[in-house]
Amino acid sequence: MPTLLTEYLILAAILFVIGGVGVVVRRNAITVLMSIELMLNAANLTFVAFSRFPLVAGMTVQHAMRGQAAAFFVIATAAAEAAVGLAILIAVFRRRETTHVDELTLLRDPEPVFEREPEPVPVAVHASLETH
Amino acid sequence: MPVGTYNWQDMAALAPAIILVVGGCTLLLTEVALKSAGRGYQAGLSVFFAVIAGLAAFSQLASPGRSLFGGFARLDAFGAATALIICLALALTSLVGQSFLREQASERGEFHALAQFAAAGMILLADATDLIMLFIALEVMSLATYALTAYLRSSARPAEAALKYFVLGSFSSAVLLYGTALAYGAAGSTKLADIAAAVGSGAHTPLLIAALALVGAGFLFKVAAVPFHMWAPDVYQGAPTPVTGFMAAGVKTAAFAALLRTLYEAFGQRALALGAHGHGWYVAVAWAAILTMVFGNLLAIVQRSVKRMLAYSSIAHAGYVLVAVAVGAFGGEARAAATQAAIYYLLAYTVTVIGAFTVVAALEKRGGPEIDDDTRYDGLAQRDPALAFVMAVFMISLAGIPPTAGFVAKLFVFRAALDVGAVGLAVVGVLSAVAGLYYYLRVVVVMYMKPAPESAPAAPRRMVSMSFGLALAAIAVLALGIAPHSLHQFAHPAALLNP
Amino acid sequence: MDFFQAHLLSIITFVPLAGAVLLAFLPKDEAGQIRVIAFITSLVGFGVSLPLAWLYDRQAGGLQFQEHAPWIPSLGISYHLGADGIAIVLVLLTTFLAPIVIVSTWGSIHRRVKELMIAILILQTAMIGAFVALDLVLFYVFWELMLVPMYLIIGIWGSERRIYAAVKMFLFTAAGSLLMLVGILYLYWQTKALPGGAPSFDYGAMLQVPLTHPQEAWLFAAFAVAFAIKVPIWPLHTWLPDAHVQAPAAGSIILAGVLLKMGTFGFVRYAMPLFPWATHHFAPIVGWLGVIGIVYGSFMSMAQTDMKKLIAYSSVAHLGFVMVGLMALSTIAASGAVLQMVNHGISTGALFLLVGYMYDRRHTREISAYGGQAKATPVLAAIFLVVTLSSIGLPGTNGFVGEFLILLGTFSSHATFGIAWGVVGATGVILGAVYMLTLYQKAYLGPMTHPEVKKTKDLSKREIFTLVPLLLGIVFIGVYPQPVLNLIEKPVADVVARVSPQAVAPAAPAVRPGTERPFRVLAPQIWRLSPQLRQELLRRSHHRVPSPMH
Amino acid sequence: MLFNLPEWLHWVFLGLGLLTVFFWLFTETGRGKELRSFALGLLTLVFAGFFVVTSPDARSLVMLTPHELGAMLVAIPLLPLIGAVFNGLLGKWVGNQRAGFIATSLVVGSFVASMAVLANLLAGATEFHVTTYQWFAAGTFDVHLGLYADHLTGVMLFVVTGISAVIHWYSIGYMEHDPHAWRYFAYLNLFVAAMLLLVLGDNLATLFVGWEGVGLCSYLLIGFWFTDEAKASAGKKAFITNRVGDFGFLIGMFLLFSVFGTLKISGLRTQAGAVAERGGWQAPVATGLFHDVWQRSVTKLKSEAARLENHAQLVESQAALGRIRPGSAVGAQHASRQAATLRAMASRLEKRATDKAAHGPPTYHFLIGLAVLFLFIGATGKSAQIPLYIWLPDAMAGPTPVSALIHAATMVTAGVYMIARLSFLYVHVPEVMAVVAIVGALTALFAALMAFGQNDIKKVLAYSTVSQLGYMFVGVGAGAFAAGTYHLFTHAFFKGLLFLGSGAVIHGLADNQDIRTMGGLRKHMPHTAWTFLIATIAITGVLPFSGFWSKDGILHDAFESPSLAAIAPWLGPLLYIIGTVAAFGTAFYMFRLYYLTFEGEYRGKVHPHEAPPTMTIPLWILAIGSIAAAGLAFPLGDSFWERFLAPAVAHYGPEMATHAALPVWPFAVAVAVAWSGFGLAWLMYGKGMPTPESDPYFLKLPAFAKLTANKFYVDEIYQTAIIKPLWRFAKWLHKWVDAFAIDRVFVNGAAQVTEFFAKVLSPAENGDLSRYAAVTALAVAGLLIWAVV
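Chains as they are written, first to last, in our numbering: chain A, 662 to 793; chain B, 11 to 509; chain C, 8 to 557; chain D, 2 to 790.
Hints in this document: simulated from the structure, not taken from any laboratory. There could be a bad hint or two in this list.
Unchecked claim - What follows is a set of in silico ranges between Cβ atoms, one per label pair, in the way DEER data are often shown: (1) A:VAL678 x B:ALA213: 21 to 31 Å; (2) C:ALA205 x B:GLY434: 43 to 53 Å; (3) C:ASP9 x B:ALA469: 51 to 61 Å; (4) C:TYR487 x D:ARG729: 40 to 50 Å.
Unchecked claim - Here are the simulated DSS-like pairs of lysine-lysine, each with C-alpha atoms no more than 30 Å apart in a straight line: (5) C:LYS382 x D:LYS93; (6) C:LYS382 x D:LYS460; (7) D:LYS93 x C:LYS462; (8) D:LYS725 x D:LYS736; (9) D:LYS701 x D:LYS688; (10) B:LYS375 x C:LYS464; (11) C:LYS382 x C:LYS461; (12) D:LYS688 x D:LYS606; (13) D:LYS606 x D:LYS707; (14) D:LYS93 x C:LYS468; (15) B:LYS317 x D:LYS760; (16) C:LYS461 x D:LYS93; (17) D:LYS93 x C:LYS464; (18) D:LYS707 x D:LYS736.
Ideal Cβ placement from N, Cα and C applies to all residues, glycine included.
Turn these sequences into a full structure, and let the hints steer you where they fit.
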């Protein structure tokens, strides 16, 4: 019997990739948050698809229901995540007045210095010089 | 086995996590009831709950191992040992954090409450044997740590760090979740045991491999393994320093525990012969370990801030634990040795790194310069010999020089690696450790060999609790280095991870 | 008394540490008190180490005064101490030098005295521990522990470029020893093959491990690199001049006197007996490196304008002698080599001490800043001359006996290049005279070229007090070295017997064709597991893991 | 009782000793008086020693038990050593004068003990041996500090202790104005101790202690006035040049040990005898290192050949089984070609192995020849022969008594002594003996030529010493060990005397050493002049003074030496001619020296004065010795000297060298040559020189004179060809190899490359969240693709 599993999975995968690309390419933090939600939902879709069209032969109902339950868990978690994320975003906006992620570069590696380091400066004269 | 069967004994097995949840709630409630004055008790309370949870975990150390809630979680020595490390990290963080919070005028109960919740999530992460359960525990832990990272509202950097952490963390959670979904599809279940059966049967292997890759990527992100490490330096540097210590110790420990469980319990059987190339995950983890050790140590060299250097050092140390993880692929005795080595390494790293970050915290003054450079450490040995000494001990331990915990930990790891003949891993490990020596020693250099600057800003006053915590950490580092056998009972049964 | 005898080595090892702990509780302003207590501690350390010399059973030889206690039994690590004649003379050298080092700092270092004394005493514990440890992890712990105080001594109390020098020394040495750690661990797993089955880090167990030739070659390489850096063998020597020049006099004395011996001791105690076949195999290479060290170090010394650097390079040359002596694999040469370790400790220690005193007076190490010093400071000049003569191996001083035995033994040994080594090494005798006498002449003889020279004070009583024991040592070993040679006779003969061709050939498994040449053994890739090993491990992982239940 | 002497003699010695101590104690008051008494006491002791040696009755009285002789032997080097240590440590407090007395007394004591030993040898004993303690031992190598005395040693003991005693005494006067004379006496005593150890050592290792010890003392004493840069440099030059020689000595010792397994002289002698019994010196070595080396190389060649052969078979069998590219003609051809090549290599090795096996290990003749050649290199250093003589002229920077003792009479003869001591080895390798003789002859000639152009009184004597040492080497090289050592003996007297005389002149002229500004000194210092003249006559070989007998004995023996004849029949006569020419030169430069110094008119400015008696008395003692030493050459043909030394030295060839038929003409030639050299000098300088610049030698032969005055530019050649390049090489090596290649590139380079990579990678962490996300996403994708695809 032909199932719709493959189609669902492909759809989910596309959604997941869109979400992932969104996180990478979008500069606005809100959009980035949305992209993450998209990714989570792609996973949800996968769960549900597998639950509805099990791959494993002889999967019990209980097992099948787990996929659906998982989706609920994820929805709840995603809500919590969104709450925390927005709170953080507000905190950022308050201090920096921006939600563009590429403007947040206070934290970064120092600029490398490629010139040869000068000879170590004499730090302190020899011990005995100080006392004699 | 019916899905929903559980009983109170199973619940009792989760006592450490439950105690911490209760603790977190209590702290939140007291926050409501009390006003600003005399907040010190909150730290005390937090330590109290951490100790109680730790005792509960300790009592489980000798546990023979038992499945809980029909296979969603597991009570065993491994989990108990991990929980113990996490409780230790929590207790130390609470102990030393109070002084920092007072200096930053941010004494509020949420800090400790969030830490308690995060720790609870970590413990659950270590106990979980179901991927969904793992995901939820991971989220509990992560959400709490995101919040902790943004805790200091007075400065711009914590918020930025939190945002970066949040975005990338959620991204990796999503990846992990997607992997979980694929695993569910292939095995028809999210329980590790069922996945193991599916792996053993050989059905739907490509799907399982994809699931393994995605789940593994999620955990590698959490432990900050190269190339999933990009978030770590910025977040570690930006977060409030005690939080950084807690993250470096606790999050890493919990994530490694989960990684070990997933890899060994679900994918342990064909560890050397799974995947398109038939290499198994051994090669992937080994390469991750090599990259992590090399890049972590390499990039730490050029850092000018001690805190950021410690962040890179944390990445490098993840590499050493990954060596142990990879070695466990060989199963049998090697797996026991690897698990033991990983647990011991995480313990040693926990005490050392919390100590080190505490020293960093001890030198942070409210309204001080935003960019922390090394000048604060110049000539510290003359201004504050005790602080300089413990910092030197922590640096020596991180560098892996005897007689400190760091040395014994590395000994365990390399010993495990050489048992399976992974000489290459060990050699890369020791060579990158040489680079590591350089930057750890630089801290000792500035503390001991540079003169104190003329106008050195006076260090903030340290509370007794912080000094006590530092002393405790330093003594633990030395004790673990000199008499590691005292922890024999700790680390050995912990190795009895369910294969 | 029984307790004392049963725990002699522990007591010797930890007396200085106890002193250090005691000092930690003293207020740091009490510099005088701290110095005296440190001095007394070191004297006690010397006192308790003396019985080793006469309690050691010379006829029986071998490792005596053994102490054994479990330390980390789950890993097969134990607290195992023991000493043979070789270790004993080096322990005695250490405890002998310690009071001198401590007193020598009294006049020159007045800054952070407490830390300095603690560092020296901890260093002493580590050095003695490394000599007497018989468990490889214990050895490694002491070995690495030595680095930290030495690092601090150079870095805190050193000269201008002290930090560079300290870091360089630390990184160089630690890099080598980490490779050795890998070797130790590998060897540890091989002990599983022994009866009993449990792997162990014990020296005795490791001596019995059967190894294939490639294994031996790799392990020897790992150990030898660590030791070679410490010796230092050319071309791994460049940390030494920097460390010596920047270190305070006390640091230089310890460095030259004892720390460098760690490397050669490592060869005698570990690299050679543990891997006899590989020793045999690589001896020509290491021996040539030693010979290069002799000639090269001498030429380097000739080119120096800095006194301490000159002496540092002369150490390279002297330890080149020791290495050649060891690699000749002959009893005569090896005895000379062990004796030369002691000699070098005394002579070069004394030279650094003297240069330190000169530095205290004039605050410069440039040879050209001195000149005609003998007129102003006759006692200093006389002592410097005696030590110089000892350094160039004049008969009647200690240096002669060691060098003579080494060269004679090497020349008459059955080593492949023994004759060539003897001849080329003997040129070091000429070159040694060239650079040392040139130094002496430039610094002490001739007219007084600098006005400051005239004002220079001669040695004080305390300074003479630190030098007299060294001078006595120089003369005593020069005139009557036999007590020392008696102590080391049997142990050295045992080591040589272990690496002799007769002992190596039959015991070792057959050599694969094409692996006779040194580096060909090292050819197989270690980077990845070899196919055979992979198969074996795969088999094991399937075999050991229970099959899935569900 | 240590001495088995008649009671009364004891009391005499004791009394004299007490007297000495007594005088010493009261030197503070009326120094001059006690000085004379002290001199008297010493003279008594010296004459007592002579009495004991010469009188048969007394000789029989002093026959000692072996035990006592042992104590005596130990006492000989120990007494001066005690003096050295005592004066070295306490001399500053004791005072210069007393230090001198102590030093002298102890050397005299050593002299007396030597006399006792010599008396026993004269009375018929052949050798004494005493072992003190085990010095050092390891494996099969063992050195006991043993002392050994035979007839050769007895002669050396007499020379060393006797001349030393005299020169110590002389030094008391010479050094009386020096504030550090105590140090001088400590060094001088140390020198005597070392020299005696060299002479007495029964083992080459012990001998080497003395060998290097005298070098050290030479260094210390040359640079005694160390504030003078040139003097300090001269000392260093002496030490290092000697060390170059010592390198040869060491290698020689190693070779001997490798062949014979011992360094003990008696052991070497036994082994040498055994070799002759076993099959002669041309036989290959039967055991030991070199035998094993040979065997090992044969075995190795053989096994290598076998391995190649196996390999060839393997290739063939693989080809036969079709394992090498099955079915391919190319593969089979290739295999057979490869096998053929391997076979060819194998057969070549096999042939080499067979050749080597047939050839056998090196012979004793070769190995021992090499060993004694290296030992001779040591001797060229110590005894100032070509090419290592350069240090000796510079060594004149030291105090003059030092030049007399160390650089004329004793230390520089150590090489000759060593060859005579090991004559039982040298006689088996005539090739090396020929080398020794040729080097000696050339040195004798060239040094004599160089002496022509010198104007420093001590430099002339220095080159003269080099030249005379050359004669001694001709002697021992020609197998005439007795003649060589006889010249050593006589030379010690007259050259010591010449140096002491020059010292008296320098002392009297306030440190002026330039003979061009002297002249006519005979009127001012008659004692010095007369003794100097005696010595000059002695050294030129004018009948009947001692130099004639010893030098012409050498030339005569060289002329008809069987060992030289074994190499080439013309070699002996050639060396005779060279020696004779050099003898002419000797006569010329010595009389030039004498005339310019003592005859004619005084050309200097300082008022000259005669030396004090502490200096002149030793001059006369040595002058007497110079004359009396000639007596030992009699009866001609079978001299007392040769008979006395016969048991201690070996002979070349199976038959004893005899002087059955003494041709007269070589003697006649020698006499003529000596007189003609003298005559030439008299013609040129007999009337004295009007001004310092009017030296006829420099005026008539300017080019040659300049060449000789500049010592043929040998020092300059050494400087530019060897010494400077070595220092430059050291600097170059340090700058480019050590500092640059190893430290900069290899060590710091590794650190910098690491840091460079870190710096290159570091900008990846630029704080941009998008980039972080991109990297993470790519990593996930990469992992996924790697795992699945």
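Structure-based check of each hint:
no., hint, verdict
1, A:VAL678 x B:ALA213: 21 to 31 Å, "holds, 26 Å"
2, C:ALA205 x B:GLY434: 43 to 53 Å, "violated, 26 Å"
3, C:ASP9 x B:ALA469: 51 to 61 Å, "holds, 52 Å"
4, C:TYR487 x D:ARG729: 40 to 50 Å, "holds, 43 Å"
5, C:LYS382 x D:LYS93, "holds, 14 Å"
6, C:LYS382 x D:LYS460, "holds, 28 Å"
7, D:LYS93 x C:LYS462, "holds, 21 Å"
8, D:LYS725 x D:LYS736, "holds, 16 Å"
9, D:LYS701 x D:LYS688, "holds, 17 Å"
10, B:LYS375 x C:LYS464, "violated, 51 Å"
11, C:LYS382 x C:LYS461, "holds, 8 Å"
12, D:LYS688 x D:LYS606, "holds, 20 Å"
13, D:LYS606 x D:LYS707, "holds, 26 Å"
14, D:LYS93 x C:LYS468, "holds, 17 Å"
15, B:LYS317 x D:LYS760, "holds, 18 Å"
16, C:LYS461 x D:LYS93, "holds, 20 Å"
17, D:LYS93 x C:LYS464, "holds, 18 Å"
18, D:LYS707 x D:LYS736, "violated, 40 Å"
Consistency note: the structure conflicts with the earlier hints numbered 2, 10 and 18.
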